[in-house]
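Colleague: Protein chains in written order, with the numbering used here: chain A, 1 to 116; chain B, 1 to 116.
A portion of the hints provided could be inaccurate.
[Said to hold, decoys possible] Below, computed lysine-lysine pairings styled on DSSO-like, alpha-carbon distance capped at 27 Å: (1) Lys5/B to Lys108/B; (2) Lys71/B to Lys56/B; (3) Lys71/B to Lys5/B; (4) Lys5/B to Lys57/A; (5) Lys108/B to Lys57/A; (6) Lys108/B to Lys54/B; (7) Lys57/A to Lys71/B; (8) Lys56/B to Lys5/B; (9) Lys5/B to Lys54/B.
Calculated from the structure, these hints are not laboratory results.
Quick caveat, the model's predicted, so the values are computed rather than measured.
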Amino acid sequence: KAGVTQTPRYLIKTRGQQVTLSCSPISGHRSVSWYQQTPGQGLQFLFEYFSETQRNKGNFPGRFSGRQFSNSRSEMNVSTLELGDSALYLCASSPWTSGGITGELFFGEGSRLTVL
Amino acid sequence: DQQVKQNSPSLSVQEGRISILNCDYTNSMFDYFLWYKKYPAEGPTFLISISSIKDKNEDGRFTVFLNKSAKHLSLHIVPSQPGDSAVYFCAASARNSGGSNYKLTFGKGTLLTVNP
Chain A
1 KAGVTQTPRY LIKTRGQQVT LSCSPISGHR SVSWYQQTPG QGLQFLFEYF SETQRNKGNF
61 PGRFSGRQFS NSRSEMNVST LELGDSALYL CASSPWTSGG ITGELFFGEG SRLTVL
Chain B
1 DQQVKQNSPS LSVQEGRISI LNCDYTNSMF DYFLWYKKYP AEGPTFLISI SSIKDKNEDG
61 RFTVFLNKSA KHLSLHIVPS QPGDSAVYFC AASARNSGGS NYKLTFGKGT LLTVNP
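Chain A with its partners taken away, still in its complex shape (with noise of 0.2 Å):
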C-alpha cells in the first residue's frame, strides 16, 4: 500500500511569493491533516479535511489556506510569504471518519519550504 506522498519535497522562494503543496493520501483515508514543523515551534496544526470540507482549523493568519478535493489529495496555499514560513510541512492522512481522533496519523516525508 502506497504510503503518503508529498509534492515538491523540496522548494526555494522569496519574500512576497505564494506556493502550494500538494498531498496524496493513503488510499481509502479521507481525512487529510496538515503540520507545520520548525525547529522552535515542533509540530503545529494547520487544518484538516474530510470530505472537501475543513473540520479544524489552527491558530495560522488567513494566508495559509487549504483545500481537499473529491479523490480526497489535499493541497494548501501559503500567500505572500514571509521569512518565518521557511518550515517542513508535513501532511498526514487517517480512516478515521467520525468520533475524533481513534488512531495513528500517517506522515508523509514532508516538504521543506525555504523562503529568502
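We have chain A already, so just place chain B on it with the hints.
Modeller: Relative to chain A, chain B alone:
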C-alpha cells in the same frame, strides 16, 4: 501557551539500557495520547498510543505509562538499540471537546541517542 511539554530536549543512553522519555500536558480535556518517532528527512512514524481510560499500554519494547492525576506520560524503551536514535514526539488529542476534533497537539520533541 504550550499544552504539551517535553522538557528534555535530548537524552543519551547506552545500548541495552532503558530509555525513558517524559511528557507533561496541561489541558485536562486531552484523552488520547500518541508517541511518534522521527528520523531526519523523514515524516514522523507512529510508535504507540494510549487512551485516558488506561494507565499502561505495551507493544514489544515500547511501553507508555499515563498518570492522569499528574498529567504526565512517559515512554519506556527496553532494551534500547542504536536504531532507536531519533527525535521522539509526544502528542495529545481532546476527542470529546465538543464536536469532532481531529487536531493533534505535539510537544517539541526529545532527541534520543543510543550509544553502542
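Colleague: A separate judgement is required for each hint: does it hold in the structure or not?
Modeller: Structure-based check of each hint:
1. Taken as a hint, the Lys5/B and Lys108/B pair is honoured in the structure, with Cα atoms around 7 Å apart against an allowance of 27 Å.
2. Between Lys71/B and Lys56/B, the direct Cα distance comes to roughly 14 Å. Compliance with the 27 Å bound is thereby established for this hinted pair.
3. For the suggested pair Lys71/B and Lys5/B, the alpha carbons sit about 11 Å apart, so the restraint of at most 27 Å is met.
4. Of the supplied pair hints, the one linking Lys5/B and Lys57/A holds, its CA atoms being roughly 21 Å apart against a limit of 27 Å.
5. Distance restraint check for Lys108/B and Lys57/A: the Cα-Cα separation of roughly 20 Å lies within the 27 Å cut-off, and the hinted pair is therefore satisfied.
6. Of the supplied pair hints, the one linking Lys108/B and Lys54/B holds, its CA atoms being roughly 24 Å apart against a limit of 27 Å.
7. At roughly 25 Å between alpha-carbon atoms, Lys57/A and Lys71/B fall within 27 Å of each other, so this suggested pair holds.
8. This hinted pair checks out: Lys56/B and Lys5/B have alpha carbons roughly 20 Å apart, not beyond 27 Å.
9. Between Lys5/B and Lys54/B, the direct Cα distance comes to roughly 21 Å. Compliance with the 27 Å bound is thereby established for this hinted pair.
Consistency note: the structure conflicts with none of the earlier hints.
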